[in-house]
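Order-wise, the sequence lines are chains A and B.
Under my numbering, the first residue of the first sequence carries the number 1, and numbering increases by one thereafter.
Under my numbering, the first residue of the second sequence carries the number 1001, and numbering increases by one thereafter.
Don't take each hint at face value.
Here are the computed lysine-lysine pairs in the DSBU-like style, where the Cα-Cα straight-line distance is at most 35 Å [unchecked claim]:
1) Lys78(A) - Lys1066(B)
2) Lys78(A) - Lys139(A)
3) Lys78(A) - Lys1065(B)
4) Lys1066(B) - Lys139(A)
5) Lys1151(B) - Lys1065(B)
6) Lys1065(B) - Lys1166(B)
7) Lys1166(B) - Lys1153(B)
8) Lys139(A) - Lys1065(B)
9) Lys1147(B) - Lys1166(B)
10) Lys1166(B) - Lys1151(B)
11) Lys1153(B) - Lys1066(B)
Note that these hints are calculated values from the structure, not bench results.
Here the structure is a predicted model, which is why all the values come from computation and not from measurement.
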Amino acid sequence: MNDLDHEDWLRFEQLVLPHVDNAFNLARWLLRSRADAEDVAQEALLRVCRFFRGFQGGDARAWLLQIVGNTCYSWLEKNPPRGLMVEFDEELHPQPVATPESIAIADEGRERLSRALETLPPRFREVLVLRELEGCSDKEIAAITSIPVGTVMSSLSRAQRQLYSALANSPLKEAVRDV
Amino acid sequence: MTCDFADSLLQCYFDGELSALSAAEFERHLQHCVDCAVELVDLDLLSGRLQLAQLYEAAPASLRKKIRADLRSVAPTTAIAQPLLWHWLAAAATLLLVAIAGWRASPLLRTDDYQAELAEEIVDAHVHSLQPGHLTGISSNDEQAVKGWFKGKLTCALPVRDFADKGFALQGGRLDVVEERSVAVLVYARPGH
């Protein structure tokens, strides 16, 4: 590894450090934990820094997010999600048995949306976060996730669909958990 | 989407425009119709009340702090690889930081936080300098040579003195960056260190 000289440091500070929020946000939604996200974002930033010499310009945010994503996935492999958080399975929930009251009157808050998002598989969470929270284009998402553009589009619509279903399901699940 | 209700009634129901009777009827239907249930949540989302964007979570201050601290210690992987000479030299050198005021922040800004951050930056720069090859930008005990090296790199002329006779032998100088400005650092060595 090469040391960064002062110019590299300055470049790094200008190009990469402004995207710490983006890095953290993506990690937080991929890992579903703020504490873990902090660790992983930190690790990803370090990695980017380590290889910064090789960075010839281009979209530093996309590059950072790509490394954050990869770091998250290897973290998830080493630390498989455990316990309460059951991932949403289309097969298991073919019929959202939501009551109209629960849908129409249900709290529309952040909390409910956040819970719904967290039930999606990581890949779906990733594309949704990149699109809706980061405002990335299909092409940017493809670059960040290393998924072909066509697949990004279908992943997005499937992810959206699942999110809606998860939302429709969430009041019911809550009820079941309370019993 | 195959449900007839979805087109006709759903939007009205969502907007609260149905009569109590029709609404009740539609709600009965909704209990069995997946399409309508999903569509209703769709509408909810589209209406802007449930936007994902509101889930954005900014990085906590603690993360920024950790990253700043980390960044300066990235290079030690090389320091570990070839430690002896430079470690010894680095440890041996007693460094005097002469921060030439390229920065002149108003005294009002100098709160405790400001002082702490400034101290952190200077310490970071110092730690960075302990990595191999970073101790000096110019290695010389010649006052004029060191002074000349700083010329053009700073906004003011820097007096360079060698205090070898008083126990501080000039080793050279380098530029650090503090508060995003270049500051001059003179490096001296203590005998026996």
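To see whether the hints hold, each was checked on the structure:
Note on Lys78(A) and Lys1066(B): the hinted pairing holds, with a Cα-Cα distance of about 23 Å set against a maximum of 35 Å. A threshold of 35 Å between alpha carbons decides the hint, and for Lys78(A) with Lys139(A) the separation of about 29 Å falls inside it, so the pair holds. With a CA separation close to 26 Å, the supplied pair Lys78(A) and Lys1065(B) stays within the 35 Å bound. Taking the CA atoms of Lys1066(B) and Lys139(A), the gap is about 32 Å. The hint holds against a cut of 35 Å.
A threshold of 35 Å between alpha carbons decides the hint, and for Lys1151(B) with Lys1065(B) the separation of about 34 Å falls inside it, so the pair holds. Restraint check for Lys1065(B) and Lys1166(B): the C-alpha separation of about 39 Å exceeds 35 Å, so the hint is violated. Straight-line distance between C-alpha atoms of Lys1166(B) and Lys1153(B) comes to about 28 Å, which keeps the hinted pair within the 35 Å bound. Between Lys139(A) and Lys1065(B) the CA atoms are separated by roughly 33 Å; this keeps the pair inside 35 Å, and the hint holds.
Among the hinted pairs, Lys1147(B) with Lys1166(B) is consistent with the structure: their alpha-carbon atoms are about 20 Å apart, no more than 35 Å. With a C-alpha separation of about 26 Å, the suggested pairing of Lys1166(B) with Lys1151(B) holds against the 35 Å cut-off. A distance of roughly 30 Å separates the Cα atoms of Lys1153(B) and Lys1066(B); the hinted pair therefore holds under the 35 Å criterion.
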